[in-house]
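Residue numbers for the sequence shown follow full-length UniProt numbering, beginning at 1 and rising by one.
In short, the hints are calculated from the structure, not lab data.
Glycine included, every Cβ here is placed at the ideal spot set by N, Cα and C.
Just to be clear, a hint being listed does not mean it is correct.
With beta-carbon atoms standing in for the labels, derived distance ranges [claimed, not checked]:
| no. | residue 1 | residue 2 | range |
| --- | --- | --- | --- |
| 1 | Asn55 | Gly105 | 26 to 36 Å |
| 2 | Phe231 | Ser182 | 41 to 51 Å |
| 3 | Ser44 | Glu201 | 23 to 33 Å |
| 4 | Asp267 | Thr187 | 32 to 42 Å |
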Amino acid sequence: MLKLIDINEKNWLDARKLSVDSDQQVFLDTPTGIMARGYVYRFSNANVIGISNDNQIIGIALVKDLNEEPACYDLQQFMIDRRFQNKGFGTEALRLIISRLQNEGKFNCVEACVSKSNAPALHVLKKIGFKDTGYIDDDLPNCLNLIYHFEKIGNDIGCYSDVLISDFLDPMFQNAFKLYFSELDFTVDDWDQIFKEMNDEGGNLAFVRRDENEEIIGFIQFKPIVFTSCFFEETYGFIREFWVAQKYRNKRHGSELLELAEKYFYDQGIYSTILTTDTAERFYLKHGYVKVPGCKAKNEYDVYVKRLK
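Please put together the full structure from these sequences, using the hints given.
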């Protein structure tokens, strides 16, 4: 019977003997290398998983946490020994791993980065439900990023409400914004002037998300801006400020707040969004944004845009 086991001091030598054919070796680390990765990524909750059939180790896998938004489990390595391939063990073992992660419930999805040339791995991953995200990592241009979303059971991020803010003298927004600056460790001498300027500037809006106890989950501030020349004109949706409180991160609140702002723009007939970031590139790339070469913001950060239509 196939089952998942821990790799430990009693069985790691057996795991070390696992091997694959030469045409697969380019895509995988060695079993020893996989176990070493488990140690290196120990602070990312790395878990080296043994795959056993009838008390014989036939495979090994490595799963770790990917905590930056959009947070997920990272299926980094997956190996079935060459003697046991093409017998259904890989598919069954992957399903067992998916089930274990879903029961753990820390994240709502699993990602895998796979070479475009690794047809067998792509086949088995897609067979059990992984989908191509369309995201290509600049550092790994020859790899596809696949994702498996767990089936939701009820509302897995709790009860919350979203409030659209247009007056920045609103205490709810001011509280959210002050929490944001507090986390950044910024000191502000005149809060009233900051919020007054937001109103005076015109066009600014924000969604503030609160939980059932009216505690601030996060907010996203945005506005339409017009790029114009003597011949062309286009309105973009500018994502201006964006923050989710630490305790609510990795629960899709960030993704949903971004989607709220994008939907607002779309409903207003604005089909492009623009933003800058120096800390959350992966988050925006995973949500369909692309870096604009040669375009710089006044804060010197890279600029990203997304076409909504």
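Going down the list of hints, with the structure as the test:
no.: 1; hint: Asn55 - Gly105: 26 to 36 Å; verdict: holds (29 Å)
no.: 2; hint: Phe231 - Ser182: 41 to 51 Å; verdict: holds (46 Å)
no.: 3; hint: Ser44 - Glu201: 23 to 33 Å; verdict: violated (41 Å)
no.: 4; hint: Asp267 - Thr187: 32 to 42 Å; verdict: holds (38 Å)
Checked against the numbered hints above, the structure violates only hint 3.
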